[in-house]
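> Here is what each chain is made of, one letter per residue.
Protein chains: 2
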Amino acid sequence: MLPESDYQKLTAPESIALVGVTGRSGKGSNNPLEVLLNFGYRGRIYPVNRKGGIILGRQAYTSLLDVPEIPDLAVICAPRDAVPVLFGQCAAKGVRIVMITAQGFSDGDEQGRLMQEELLAVSAKNNIRVLGPNTLGIVNNFEHCCTSFIKFINYFKPIGITCQTGAFYIGAAQYCTGIGLMIDTGNTSDIAVSDVLGHLARDSRLKVINIHMEGLKNGLEFMREAQDAVTRRPVIIYKTGASPAGSAAASSHTGSLAGEDRVFDAAFQQCGLLRAADIEEIGDLNKAFCTFNGIKGKRIGIISISGGAGVMAADACIRYGLEIAALSEATFEQLNELFPAWARCSNPMDIWPPSMFHGFQYACRRILEAFMKDPQIDAVMCLIFSHLEKEDDFLDASGVIREIAAQYPDKPLVASTCGGRYQDYQLELEKENNVVFYFSLERAARALAAMYKYHHLIKKKERRPAALPEHPGQIRAAQILAGKSKGNLSQTDALSLLEAYGIPAARWEKAQNSTEAVLAAEKIGYPVTLKVISPDINHKSDVGGVRLNIGNSRQLKEAFTEMYKEINHKQPGAQIDGVLIQEYLPKGTELLLGCKKDPQFGPVLAFGAGGVFTEILNDVTLRIPPLSRDEMSVLINETKISKILAGARGGTAANLELLTDSLTCFMQLVLANPSIVEMDINPLLADADRIVALDSRVTLG
Amino acid sequence: MLPESDYQKLTAPESIALVGVTGRSGKGSNNPLEVLLNFGYRGRIYPVNRKGGIILGRQAYTSLLDVPEIPDLAVICAPRDAVPVLFGQCAAKGVRIVMITAQGFSDGDEQGRLMQEELLAVSAKNNIRVLGPNTLGIVNNFEHCCTSFIKFINYFKPIGITCQTGAFYIGAAQYCTGIGLMIDTGNTSDIAVSDVLGHLARDSRLKVINIHMEGLKNGLEFMREAQDAVTRRPVIIYKTGASPAGSAAASSHTGSLAGEDRVFDAAFQQCGLLRAADIEEIGDLNKAFCTFNGIKGKRIGIISISGGAGVMAADACIRYGLEIAALSEATFEQLNELFPAWARCSNPMDIWPPSMFHGFQYACRRILEAFMKDPQIDAVMCLIFSHLEKEDDFLDASGVIREIAAQYPDKPLVASTCGGRYQDYQLELEKENNVVFYFSLERAARALAAMYKYHHLIKKKERRPAALPEHPGQIRAAQILAGKSKGNLSQTDALSLLEAYGIPAARWEKAQNSTEAVLAAEKIGYPVTLKVISPDINHKSDVGGVRLNIGNSRQLKEAFTEMYKEINHKQPGAQIDGVLIQEYLPKGTELLLGCKKDPQFGPVLAFGAGGVFTEILNDVTLRIPPLSRDEMSVLINETKISKILAGARGGTAANLELLTDSLTCFMQLVLANPSIVEMDINPLLADADRIVALDSRVTLG
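Those protein sequence lines, which keep their order, are chains A and B.
Note that my numbering numbers the first sequence so that position 567 is 567, with each residue one more than the last.
Note that my numbering numbers the second sequence so that position 614 is 614, with each residue one more than the last.
FYI, nobody ran anything at the bench for these hints, they're computed from the structure.
Treat the numbers as computed from the prediction; the structure is a model and nothing was measured.
Yeah, the Cβ is synthetic: ideal placement off N, Cα and C, and Gly gets one too.
Hints should not be assumed to be uniformly reliable.
Stated by the list, open to error - Pairwise CB distance ranges (calculated):
1. B:His358 - A:Phe142: 37 to 45 Å
2. B:Gln376 - A:Thr652: 57 to 65 Å
3. B:Glu221 - A:Ala277: 32 to 40 Å
4. B:Gln111 - A:Ala277: 41 to 49 Å
5. B:Pro535 - A:Thr652: 26 to 34 Å
6. A:Thr561 - B:Arg476: 44 to 52 Å
7. B:Pro79 - A:Gly294: 39 to 47 Å
Given only the sequences and the hints, what does the whole structure look like? Please build it.
So, in structure tokens, the structure goes:
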């Protein structure tokens with residue numbers, strides 16, 4: 001997080017130097033001075049242009065060094081090749097915050113990438129913080145400050161935004177529905193979302209935070225900031241570059257590396273960020289969070305001017321995990337008298353039959369009031385008609401809806417319509433900022449579900465634990481790993497590593513020939529499994545290198561001979577370092593426990609269905625460690641295989657306590673040993689009595 | 001399908017009687033005569049009101065019987081209780097098509113349900129076809145005809161629509177973007193979507209068909225009509241009542257039964273219907289199909305005014321299964337010169353750098369022309385800014401886009417924007433009906449993907465086969481099923497049924513005691529499996545009623561004794577009819593092959609992962625039979641388990657020919673024996689040599 005004073009200089013500077021500002025002005029001139037003046041900025045402005053002259057009525061300085069004070073913020077608004085010299089002036093002047101708008105740095109070619117690195121070297125030496133390059137900078141609608149060289153339609157909304165592309169900045173009116181305070185980090189060479197998120201979340205003028213993200217450099221720092229931020233404000237994140245093609249475009253754009261989308265998704269979920277699937281969801285959620293202070297639960301009352309639309313609304317609620325409220329006795333009694341004998345008073349409630357008998361406005365008011373008052377309803381969705389031209393519109397309920405919403409400020413009331421004049425209705429309904437209109441009931445339900453999730457799951461969520469204590473097995477583990485080079489650890493070392501950390505493995509012995517194998521098997525006890533040990537063989541079963549359920553010494557000797565023969569046939573010349581004799585365990589559920597080092601987030605845990613089904617079922621959940629024991633349980637329960645572990649279909653339940661122990665030890669192991677870049681225990685066998693690793697693969701980097 | 005003359009009378013009547021029309025008129029009067037006159041209807045109109053008098057300048061008849069001709073269409077627009085008498089007049093007059101607008105029939109109480117049944121009895125006797133009750137009837141914008149008593153904003157679009165709720169009818173301007181010809185079947189007591197779909201699909205004035213569906217009465221008839229319709233026009237379906245809560249609301253609304261959503265989904269997919277997830281998707285797809293005649297492939301060219309937005313566009317394309325086009329050499333050469341040295345000419349293409357050097361309008365035109373001309377690009381997505389107020393807007397590319405779209409009518413060009421003035425841009429861009437605007441790139445990609453799906457997958461899809469020939473095993477099967485009452489078939493009968501139809505089962509014998517069991521096992525050959533036979537035991541394994549892998553007679557006797565003991569302990573008093581000795585097969589992939597009789601669609605096939613994972617993995621695909629062998633392959637390949645069947649991870653591939661044989665026989669079995677209401681083969685074991693049923697459960701109804 002930026003120090004408070006730096007953040008103030010960045011977002012609410014008392015003085016700004018526009019370094020390299022153009023002398024042109026008016027339509028299409030892209031003059032940041034013009035934008036700043038139009039914003040009504042009240043601080044001191046210093047235009048700098050090497051030709052000097054008057055720009056928009058203000059005397060330009062020919063050098064930043066001539067400016068009579070050290071400005072809080074210098075905005076370099078010249079093309080790429082002019083930037084190094086101007087940046088040098090900033091350093092010489094002692095400016096603390098420098099913003100660079102030009103493109104063509106890490107978003108461009110190799111030369112640009114080097115130029116960006118050089119700027120960073122200069123800034124490090126001179127204690128400068130840099131925003132950009134390739135940024136439009138900041139918009140502060142509270143302080144009438146904006147550093148963009150592009151004009152744009154600027155709607156105010158109490159929303160804090162960080163983004164990595166100008167499209168999000170100047171598209172904010174469309175994507176976010178408006179701006180309170182916005183920071184575009186552009187290429188994000190220095191100042192990043194983690195530097196500003198905490199400040200935005202603490203800003204009492206803002207009601208919701210939006211993040212547009214293409215990539216990250218320090219995932220764990222981001223997670224720390226995000227986890228704190230969500231305790232203060234709802235944070236909606238829109239991550240682009242999710243597809244491989246998108247990722248390619250992302251790296252060519254801002255030079256930030258887009259990571260594997262599933263890892264990001266796991267991290268966002270762990271932090272309690274609300275991930276938006278598309279730009280519409282951002283705006284939809286913003287409207288809800290800006291309008292309503294909270295939602296008491298997820299029981300929805302549905303009022304509809306048509307039975308068919310009531311069905312659509314119920315579908316939408318269920319789809320997003322909301323519940324259809326059971327009306328309280330009082331509501332039922334108050335409203336039942338409005339209905340003709342043949343129609344039902346229920347939720348969803350069809351207003352049409354009572355309207356026909358009691359008049360539309362009256363029925364609508366009575367029903368709406370009863371629903372807003374009903375303690376068994378946490379939010380109301382209301383679908384009305386918008387099908388008549390204004391002069392014919394005797395069914396316009398927008399006034400009643402606004403009026404009643406104002407009386408019950410603690411219960412969200414969202415509306416949608418049916419008919420061609422929906423845009424007029426949107427304006428009418430949202431006029432007093434106490435009702436939110438959605439084009440569809442699906443979008444209404446999605447927004448209410450997000451509110452419920454934020455207020456009841458995210459805000460109440462346990463915070464991530466601090467670092468874990470060192471496991472006593474680390475001394476032994478360090479010995480095993482000491483001096484090992486990059487690549488795969490031998491299987492016996494991998495198994496020893498597990499044992500060091502107290503993760504039980506099936507009993508095993510190494511053997512060099514069939515005689516040793518028989519001795520080993522007798523020590524372990526039949527039945528046993530025979531596995532080849534070879535640095536050259538990646539998938540043992542594919543070359544016949546695994547023999548299961550061997551019952552006696554005769555079978556073992558046969559299996560030994562056959563195995564060597566088959567390997568020699570299928571992978572001739574493979575180096576064979578002997579065999580592994582392992583306790584054969586026929587029972588239990590096959591699990592996968594793994595870890596992969598991610599460039600952004602470090603070790604990422606993977607847990608789920610193992611064995612032959614691993615890739616095909618893809619029943620694996622990811623988490624960024626460390627995790628508390630409670631979080632481990634949540635992780636386990638997110639997988640489908642957890643139902644089998646719980647003892648589905650008459651099976652015995654696995655010992656989840658022991659499983660959680662193994663997960664914890666595994667987590668400690670990978671966190672304490674950064675040389676492990678990939679590690680799989682697959683299968684990890686779980687049954688009622690034991691958790692046993694049968695196979696493990698460790699890759700060092 | 002309705003006979004042509006009936007369809008004409010329904011949708012383009014030359015004369016209409018409005019039976020029970022109100023004498024009121026003006027705002028809020030809900031007078032269908034007023035709506036009809038406002039529509040400019042050119043046929044003959046006969047108002048009927050028992051008080052007579054002048055309504056809107058026309059003399060009303062006091063009885064339908066006084067009308068001087070038999071009108072093509074009679075619209076009964078009186079409240080429920082007046083309907084039977086007026087319907088009787090229609091019958092006496094000899095009217096062929098009668099429409100009933102009143103609510104309170106099967107959508108209301110029990111009395112209403114009975115009244116609806118009585119109307120149908122009268123209509124059957126008098127050869128009348130009924131639309132409704134609870135319907136607003138039809139809109140025909142080609143013939144200026146509308147039977148609604150509610151006014152509504154009426155936009156013309158070349159779209160044919162059927163729906164089951166007035167919300168969709170009067171909301172069509174919002175949900176569908178307009179109407180060409182619309183039929184609301186209301187409670188769908190008689191005339192249903194299947195009656196009109198074929199006519200809409202054959203109507204050359206229409207470009208796309210929309211179906212809003214709450215439920216169906218004859219699923220197979222609907223499928224036949226739908227399969228034919230999609231060869232003529234794209235058909236978009238929006239099915240409500242998908243959630244249990246939605247279903248409850250649906251049955252209370254129109255009285256049509258909403259079936260299980262997954263079965264509907266399978267049926268829709270088989271027919272080639274495009275299922276819309278929400279109302280926005282309907283409008284989005286309509287716009288594309290109404291504007292573009294086709295799409296050559298799925299390679300998308302992306303032009304964006306921002307690199308960041310290009311990433312979003314690429315994400316959106318990949319998400320919906322589109323491809324990012326590789327630019328042709330010619331395009332690259334033409335456009336590369338526009339770019340500064342540090343920027344890349346690629347797809348997605350960022351227009352901003354070339355605009356800075358060559359002017360925005362010029363760069364935009366050059367790039368757009370090159371993309372539209374490029375034979376390696378099948379459709380273009382274009383993101384432009386809409387961020388400036390009109391007077392400042394030097395970046396308005398809407399004119400260039402429209403102009404170039406007009407020059408390349410065979411290549412879809414869709415646009416989205418970024419900035420607050422997007423609604424103006426939408427109007428501008430769509431002005432000449434050759435470009436479609438979408439609020440987001442996701443929605444643009446979804447619409448292009450639907451076009452690709454329709455033109456390249458659905459239209460080219462193999463049609464469903466006719467009924468299958470009778471299997472020679474049917475004689476034996478009929479013997480087994482003869483005289484059997486409702487409930488579960490015994491396991492031996494179930495296995496015999498499979499054998500009759502040539503579905504191989506593991507070799508089995510029945511035995512009454514341990515001596516018979518040993519004899520049976522010797523006949524089959526060890527190892528064997530022992531299973532209890534009991535009409536009282538549902539899940540054999542839960543009570544210890546299954547013993548696997550028995551190697552010899554001693555083990556068999558022991559297992560026999562132990563099994564009886566355990567069952568006696570766990571389910572005392574269960575009737576035991578002996579045991580099943582079965583060949584033990586340790587190898588193979590466990591599958592599920594099942595069938596469930598659906599109220600709408602009859603037998604529904606289920607295929608997927610079996611064994612203990614069945615419910616948990618939920619890896620099951622549904623289909624409405626009959627299926628061709630090719631369709632069987634598609635069915636198999638839709639499951640995740642198919643990767644294991646294909647021999648993933650070094651496993652041997654299962655024999656898919658034999659598997660398809662078994663599926664075909666199973667399909668013939670359930671189609672030929674309608675008394676089977678549920679049937680499961682689980683597990684069906686598949687390996688390289690054999691497909692073997694291990695267990696089967698058959699429920700008769």
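> All hints are to be evaluated individually against the structure, with a verdict given for each.
Okay, the hints, checked on the actual structure:
1. B:His358 - A:Phe142: 37 to 45 Å: Hint holds: Cβ distance 39 Å, inside 37 to 45 Å.
2. B:Gln376 - A:Thr652: 57 to 65 Å: Given about 59 Å between the Cβ atoms, the range holds.
3. B:Glu221 - A:Ala277: 32 to 40 Å: Since the Cβ atoms of glutamate 221 of chain B and alanine 277 of chain A sit about 37 Å apart, the hinted range of 32 to 40 Å holds.
4. B:Gln111 - A:Ala277: 41 to 49 Å: This hint holds: roughly 47 Å between Cβ atoms.
5. B:Pro535 - A:Thr652: 26 to 34 Å: Between proline 535 of chain B and threonine 652 of chain A, where Cβ atoms are some 27 Å apart, the hint holds.
6. A:Thr561 - B:Arg476: 44 to 52 Å: holds, 50 Å
7. B:Pro79 - A:Gly294: 39 to 47 Å: Hint holds: Cβ distance 44 Å, inside 39 to 47 Å.
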